[in-house]
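Whenever a hint applies, use it, and build me the whole structure from the sequences.
As they're listed, the protein sequences go chains S and H.
Each residue of the first sequence is one higher than the one before, counting from 0 in numbering that gives the first Met the number 0.
Each residue of the second sequence is one higher than the one before, counting from 0 in numbering that gives the first Met the number 0.
Treat the hints as calculated values from the structure; they're not laboratory data.
These numbers were taken from a predicted model, which means no experiment stands behind them.
There are no misleading hints in this set.
Treat identical chains as interchangeable: a pair holds within one or across any two.
The calculated DMTMM-like cross-link candidates involving lysine to aspartate or glutamate, where the alpha carbons are at most 20 Å apart (straight line), are:
no.	residue 1	residue 2
1	61	18
2	33	10
3	61	10
2 protein chains.
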Amino acid sequence: MLLTMSRNPEEPVYNRIEEARAALGLSRQDLADKAGVHYQTIGYLEREEYSPSLVLAIRIAKSLNQEVSELFSLTPFKKGK
Amino acid sequence: MLLTMSRNPEEPVYNRIEEARAALGLSRQDLADKAGVHYQTIGYLEREEYSPSLVLAIRIAKSLNQEVSELFSLTPFKKGK
DNA sequence: ATGCTATGTAGCATTAATGCAACATCTAGG
DNA sequence: CCTAGATGTTGCATTAATGCTACATAGCAT
Numbered sequence: 000m001l002l003t004m005s006r007n008p009e010e011p012v013y014n015r016i017e018e019a020r021a022a023l024g025l026s027r028q029d030l031a032d033k034a035g036v037h038y039q040t041i042g043y044l045e046r047e048e049y050s051p052s053l054v055l056a057i058r059i060a061k062s063l064n065q066e067v068s069e070l071f072s073l074t075p076f077k078k079g080k
Numbered sequence: 000m001l002l003t004m005s006r007n008p009e010e011p012v013y014n015r016i017e018e019a020r021a022a023l024g025l026s027r028q029d030l031a032d033k034a035g036v037h038y039q040t041i042g043y044l045e046r047e048e049y050s051p052s053l054v055l056a057i058r059i060a061k062s063l064n065q066e067v068s069e070l071f072s073l074t075p076f077k078k079g080k
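This is the structure:
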């Protein structure tokens with residue numbers, strides 16, 4: 000079906016995907032491949048245009064060798080970890 | 000819009016919501032209230048008919064005083080914690 | 001300049017997650 | 001027995017998450 004769309008949900012989730020990814024020297028495409036998603040999806044998440052499903056969050060955390068709770072939070076992260 | 004529907008996704012996530020909830024003596028309605036969702040949603044999750052969003056997973060974990068990783072997993076849990 | 005890679009933006013299609021209502025069942029109490 | 005509470009089931013509406021395509025831009029090579 001067609002239909003309206005999304006982008007910018009009501010419930011944001013803060014994350015440090017970009018920092019963690021950069022720390023490993025991975026491109027979005029690289030991370031997307033490891034996590035098994037489209038590279039645009041990583042972009043949307045980094046820009047916090049929407050929040051991931053739990054499965055995706057777990058896969059991304061695993062791909063970045065981090066705990067889900069270290070990577071995602073309902074409250075903003077402080078600067079520099 | 001109307002449209003087909005869901006129930007039974009391709010990517011299951013195992014969880015111990017029911018055990019943790021029972022351990023605290025909460026009904027589904029109680030937990031749903033704490034997490035701010037419909038009580039049926041808790042039922043679907045416990046029966047693993049679908050997997051939660053990350054925000055919901057975090058809220059439920061918090062409501063049950065557990066870590067997300069203690070409550071949800073991509074691989075099945077062993078018996079008795 | 002040309003080209004390549006990484007990234008941002010904008011649609012649109014599809015499917016999953018969630019809300020909600022109605023009803024069935026089962027069990028514990030009285 | 002009757003009732004209430006908790007849970008399971010079905011159906012449908014709405015919205016978010018994801019895939020994908022196409023295009024724009026910026027930086028860094030050569």
